[in-house]
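**Q** Letter by letter, the chains look like this.
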Amino acid sequence: MPLEEIPKPILYSTMTYVAYNINKRYYEGKHYLWCTPYFGVNIESPYFTVPPSSSPLEIYNNLKKDVDTSDIHSSKIQLNRIGIRQGASINLRLGVINQEQHDDIVEISKLSDINLFRPLLCVIPKVEAIKYYKKVAIKDRANPLSHEYILSDLPESAFDIIRIG
Amino acid sequence: MNILSSVLVDYSTTEIRSALYYLGRHLKQASFASDYAKDIFDDGSKISPSEEVKTLTIKLLKFIELHSKKLASEFDDLEFNFWVTKINEIDSSLDPDITEEKKLNILKKVSDFSVKN
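Just so you know, the sequences run in chain order A and B.
When we follow our numbering, the leftmost residue of the first sequence carries the number 160, and every step to the right adds one.
When we follow our numbering, the leftmost residue of the second sequence carries the number 16, and every step to the right adds one.
Heads up, incomplete: computed chain A residues facing chain B, CB under 8 Å, no partners named: (1) Tyr176; (2) Asn180; (3) Gln237; (4) Arg240; (5) Ile241; (6) Gly242; (7) Gln245; (8) Ser248; (9) Leu253; (10) Val265; (11) Lys269; (12) Leu270; (13) Leu275; (14) Lys293; (15) Ser311; (16) Ile320.
Honestly, the hints are just simulated from the structure, not real lab data.
Since the structure is predicted, the reported quantities are computational estimates derived from the model, not experimental observations.
We put the CB at the ideal spot given by N, CA and C, even for glycine.
Just need the whole structure built from these sequences, with the hints factored in.
**A** What follows is the structure in structure tokens.
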């Protein structure tokens, strides 16, 4: 369903503190987010379902747990580090950053203490998000009610950040 | 040498990094792929993965599944973590080493990080 037709006014996403700052410092304050109009997984809801790993609440809680317990082998955080480096690689090729900035980001991804991967909840008004979104392609077999959207180049002014707890 | 290294011969750093990234995406959603299947190569990136990257990703996945004697969708948490660690080990070794001075410089930049509000 196109984002414009979703009957919900707010989108939610979870990103890490380090990713937020890399976007702010190196990518002109523009953010790349996966978001959904549903904050948590509601298995009883007739309207919605996304994979638990895509639920902003679940992502937030899992990251927080790994950070709070200093789980240095956290697979989520390792995948985050990998994602940051891939993002740097893409943005270097696009000319958004230069080689020095790319190298900085790569080292940030490796050197960042686990605490820097603490989660931030992003709250995005749908009206702000519409011009920045791309719907996630879903294979034919997948649940057609799964609503996830990618927001690319979302400016800081378009969303708010909440820390829970 | 990392167990995955043999699969990566003759690929560029950029291709390897991309393939490892997409492999990680696949492993992350493999256990529920049948219900919520997303195209792992469709992540909204402004640069779509090349055919070489897709091929390498699949090669790596097949290698992992052959080595594990099971599909990625059947991995338990330990197996999943094992392979994510292997992926991260390789990915984080793709770049040249930096000096201690440079490391300190990076850590200084990180210490300046903040969040609005």
